[in-house]
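Trainee: In case you want the letters, here they are:
There are 2 protein chains.
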Amino acid sequence: MNFLNEVAQHYPAAVSLAAGRPYEEFFDVAALHRHLDTFRRHLADDLGQGPEQVHRTLLQYGRTKGIIHHLVARNLAVDEELTVAPEALVVTVGCQEAMFLVLRALRAGPDDVVLAVAPTYVGLTGAARLLDLPVRPVATGPSGVDAGDLRVQVRRARAEGLRPRACYLMPDFANPSGTSIDVAGRRALLDLAAEEDVLLIEDNPYGLFPAGDARRLPTLKALDTARRVVYLGSFAKTVLPGARVGYVVADQRVAHPDGTVGLLADQLAKIKSMVTVNTSPIAQAVVGGALLEHGCSLVAATARERAAYTRNLHHLVDGLGRRFPAGSPVRWTVPTGGFFVVVTVPFPVDDALLHRSAREYGVLWTPMAHFYDDGAPVHALRLSVSAVTPAEIDVGLDRLAALVTDETARRQAAVTVG
Amino acid sequence: MNFLNEVAQHYPAAVSLAAGRPYEEFFDVAALHRHLDTFRRHLADDLGQGPEQVHRTLLQYGRTKGIIHHLVARNLAVDEELTVAPEALVVTVGCQEAMFLVLRALRAGPDDVVLAVAPTYVGLTGAARLLDLPVRPVATGPSGVDAGDLRVQVRRARAEGLRPRACYLMPDFANPSGTSIDVAGRRALLDLAAEEDVLLIEDNPYGLFPAGDARRLPTLKALDTARRVVYLGSFAKTVLPGARVGYVVADQRVAHPDGTVGLLADQLAKIKSMVTVNTSPIAQAVVGGALLEHGCSLVAATARERAAYTRNLHHLVDGLGRRFPAGSPVRWTVPTGGFFVVVTVPFPVDDALLHRSAREYGVLWTPMAHFYDDGAPVHALRLSVSAVTPAEIDVGLDRLAALVTDETARRQAAVTVG
Chain A
1 MNFLNEVAQH
11 YPAAVSLAAG
21 RPYEEFFDVA
31 ALHRHLDTFR
41 RHLADDLGQG
51 PEQVHRTLLQ
61 YGRTKGIIHH
71 LVARNLAVDE
81 ELTVAPEALV
91 VTVGCQEAMF
101 LVLRALRAGP
111 DDVVLAVAPT
121 YVGLTGAARL
131 LDLPVRPVAT
141 GPSGVDAGDL
151 RVQVRRARAE
161 GLRPRACYLM
171 PDFANPSGTS
181 IDVAGRRALL
191 DLAAEEDVLL
201 IEDNPYGLFP
211 AGDARRLPTL
221 KALDTARRVV
231 YLGSFAKTVL
241 PGARVGYVVA
251 DQRVAHPDGT
261 VGLLADQLAK
271 IKSMVTVNTS
281 PIAQAVVGGA
291 LLEHGCSLVA
301 ATARERAAYT
311 RNLHHLVDGL
321 GRRFPAGSPV
331 RWTVPTGGFF
341 VVVTVPFPVD
351 DALLHRSARE
361 YGVLWTPMAH
371 FYDDGAPVHA
381 LRLSVSAVTP
391 AEIDVGLDRL
401 AALVTDETAR
411 RQAAVTVG
Chain B
1 MNFLNEVAQH
11 YPAAVSLAAG
21 RPYEEFFDVA
31 ALHRHLDTFR
41 RHLADDLGQG
51 PEQVHRTLLQ
61 YGRTKGIIHH
71 LVARNLAVDE
81 ELTVAPEALV
91 VTVGCQEAMF
101 LVLRALRAGP
111 DDVVLAVAPT
121 YVGLTGAARL
131 LDLPVRPVAT
141 GPSGVDAGDL
151 RVQVRRARAE
161 GLRPRACYLM
171 PDFANPSGTS
181 IDVAGRRALL
191 DLAAEEDVLL
201 IEDNPYGLFP
211 AGDARRLPTL
221 KALDTARRVV
231 YLGSFAKTVL
241 PGARVGYVVA
251 DQRVAHPDGT
261 VGLLADQLAK
271 IKSMVTVNTS
281 PIAQAVVGGA
291 LLEHGCSLVA
301 ATARERAAYT
311 RNLHHLVDGL
321 GRRFPAGSPV
331 RWTVPTGGFF
341 VVVTVPFPVD
351 DALLHRSARE
361 YGVLWTPMAH
371 FYDDGAPVHA
381 LRLSVSAVTP
391 AEIDVGLDRL
401 AALVTDETAR
411 RQAAVTVG
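Going down the list, the protein sequences come from chains A and B. Numbering of the first sequence is given in UniProt numbering, commencing with residue 1 and proceeding in unit increments. Numbering of the second sequence is given in UniProt numbering, commencing with residue 1 and proceeding in unit increments.
It should be emphasised that the hints constitute simulated quantities derived from the structure, not laboratory data. There could be a bad hint or two in this list.
All copies of an identical chain are treated as equivalent in the list; a pair is satisfied when it fits inside any one copy or across any two copies.
In the SDA-like style, the derived pairs of lysine to any residue whose C-alpha atoms are separated by at most 20 Å in a straight line are [said to hold, decoys possible]:
(1) Lys270 with Val7
(2) Lys270 with Arg63
(3) Lys270 with Leu130
(4) Lys270 with Gln60
(5) Lys270 with Gln9
Predicted, not measured: the structure shown is a model, and the values here were computed from it.
Working from the sequences, and respecting the hints, build out all of it.
Mentor: Here it is, written out as structure tokens:
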């Protein structure tokens with residue numbers, strides 16, 4: 001994503017339909033102070049900590065697995081009907097660290113590989129690359145994941161002498177595809193994971209953002225009766241990106257190097273102690289305070305954001321329809337929620353085209369090729385609705401339409417001349 | 001260190017001469033709010049950010065290399081007479097992440113190794129283990145590092161077809177040895193690093209804590225005219241551990257994978273973007289505010305802590321002298337600052353003995369064997385003075401003396417019987 005940030009910095013006047021950061025209109029610096037105070041009072045009043053202990057909890061080195069684990073567990077119970085032992089949680093420096101820790105734990109040796117539904121979030125492939133852990137793509141099906149291909153890929157890896165450890169996926173409003181897996185698909189995936197003896201790494205940053213009247217579906221973890229799912233959570237989209245607080249639920253029983261059996265969460269904590277020691281208790285306190293102020297539910301707390309995303313998603317999809325009427329070769333997804341729409345165009349979309357789009361047309365988007373690891377040309381781009389206004393969407397789509405028209409004509413002219 | 005935390009939790013009544021966390025008497029939760037406000041005003045008044053930009057800086061995703069880099073650079077100029085371009089700094093989630101990023105950058109392939117002065121801080125060896133990066137020990141000499149052995153180890157590694165990339169060391173009041181390198185030793189190390197073409201990774205968490213009238217020495221980085229030194233800094237001991245904010249100065253020019261040449265800091269930022277994305281701007285704001293409130297100098301700001309550590313260090317060393325008079329086989333280091341004293345005893349010191357010390361004698365310390373990677377028996381333990389009162393030091397030393405007396409007698413009896 002560094003590359004995209006650099007492009008955005010080079011063309012500050014361009015409308016960005018690339019940025020996936022959350023809506024910031026409702027951000028409130030004053031709330032930081034309130035959240036800190038709320039959490040401080042919680043330590044004293046609810047947990048019975050004396051003044052010295054409160055100081056120590058907020059300001060010293062602390063518990064590797066975190067200090068808001070009980071509140072995160074409550075949040076999962078309230079918002080996801082998911083019962084999690086607080087001890088099975090590790091609070092991390094954003095969801096990215098959670099991903100990194102899980103991949104490191106799964107990479108026990110050079111034969112280990114993970115699978116990931118393609119197109120894949122770059123944070124996953126980037127973390128795996130740092131760890132020399134190969135990522136093998138699994139095809140996206142009409143309902144999120146092609147389960148048949150998942151089985152084929154697991155067996156193929158085994159036939160090559162490799163150990164497929166887990167499959168990474170975002171069941172809800174995935175980044176970048178925007179697709180969601182239906183409930184039957186979720187159950188089928190859990191069955192398949194048990195049959196093939198692999199874990200599912202469920203990443204759920206967008207689950208609270210169904211569009212309009214769309215129904216929220218149970219998470220894989222909520223349907224998981226056999227501890228097949230490692231669940232990654234983020235507060236970046238629901239509370240504040242700047243807190244850099246995420247978490248992982250890892251209730252699997254695993255053999256530790258010393259021969260004892262314990263929670264995967266404890267193995268992750270050992271790894272974390274050598275990466276970041278512990279997540280800043282001050283940052284955790286901000287998130288903990290925000291949770292406490294909303295009875296540990298973020299569904300109601302994010303109503304304004306959900307409305308903004310819904311409005312923008314509808315505005316974008318409607319706007320695409322007006323600019324690319326029936327008969328146009330341009331196609332797009334119509335997701336039921338989340339931040340992202342994928343637009344398919346009649347030409348390959350690469351970084352050079354993005355630069356030209358930024359420079360000559362003043363609009364930014366994300367080449368879908370970034371989300372595949374094979375370097376093959378991809379005729380698609382990702383649009384994000386999370387950090388723009390409807391007016392900016394209009395301007396951005398006008399500019400995108402001009403680019404698509406010009407690029408299509410240019411290619412046709414080249415073919416004619418050729 | 002997880003093991004030590006577990007022992008400490010098992011024996012809460014034991015006096016801990018093991019904990020290396022900073023003195024917490026002067027911690028102040030109210031200061032958190034003040035620091036946040038100070039930094040917010042700095043963004044608006046000094047950097048000219050409008051209200052929206054201030055919100056975005058404090059609450060959104062942000063610059064991978066950090067938002068207080070200019071203040072850290074000023075701090076290094078004021079306190080260390082060290083001129084650093086802010087662009088050469090990466091603000092990290094504690095110094096541990098800085099260490100992790102540097103090791104990952106140095107591990108370009110399976111032939112890369114790093115050297116480290118032994119005994120070695122466990123955060124370094126633990127991070128290297130996560131990255132499958134071998135760490136080869138270099139002997140400690142009378143003045144911190146045995147430069148001759150460093151040269152031998154570099155050449156031996158090369159003769160084995162390996163690439164020794166860097167040597168890790170703490171020139172000031174090292175953890176765990178307590179030793180410091182004199183100025184001539186520092187210059188000799190820099191010459192050696194240039195001659196042998198390796199980097200020096202200078203870790204400096206304790207540099208602001210000379211005892212009493214001891215003089216602070218120039219950092220390796222301040223003497224480095226050839227960009228041989230990667231400098232790791234921490235605010236955990238000087239501002240707050242709970243902020244989890246550290247940094248790395250990496251002004252080396254390196255070839256990036258895309259063929260361009262740039263700063264090592266930028267390569268570290270790319271790695272960081274896949275580990276933690278960025279350091280919480282809220283945590284950075286707390287540290288930034290603290291820096292601003294003290295004119296970016298932490299020397300004056302830590303005068304009370306320095307006095308407490310000095311008092312404790314003298315009290316501990318005097319107390320050892322009273323309990324183990326001339327003729328005793330017990331020896332100890334007399335560091336010129338920092339948190340740690342190493343005590344050599346006439347028997348091997350392992351985790352089993354620590355458990356017995358905690359259970360039967362009520363005193364905790366750290367077996368020095370933890371700081372060596374070879375598993376050989378070590379007849380020494382580390383005492384820390386940072387998180388205790390003089391009265392606790394007295395009780396702890398009485399208990400330690402009883403343990404040493406009993407254990408020595410037990411061993412002699414076993415020898416006699418045998």
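Trainee: For each hint, tell me whether it holds in the structure or not.
Mentor: Okay, the hints, checked on the actual structure:
{"no.": "1", "hint": "Lys270 with Val7", "result": "between (38 Å within a copy, 15 Å between copies)"}
{"no.": "2", "hint": "Lys270 with Arg63", "result": "within (11 Å within a copy, 28 Å between copies)"}
{"no.": "3", "hint": "Lys270 with Leu130", "result": "both (18 Å within a copy, 10 Å between copies)"}
{"no.": "4", "hint": "Lys270 with Gln60", "result": "within (19 Å within a copy, 29 Å between copies)"}
{"no.": "5", "hint": "Lys270 with Gln9", "result": "between (38 Å within a copy, 16 Å between copies)"}
Of the numbered hints listed earlier, not one is contradicted by the structure.
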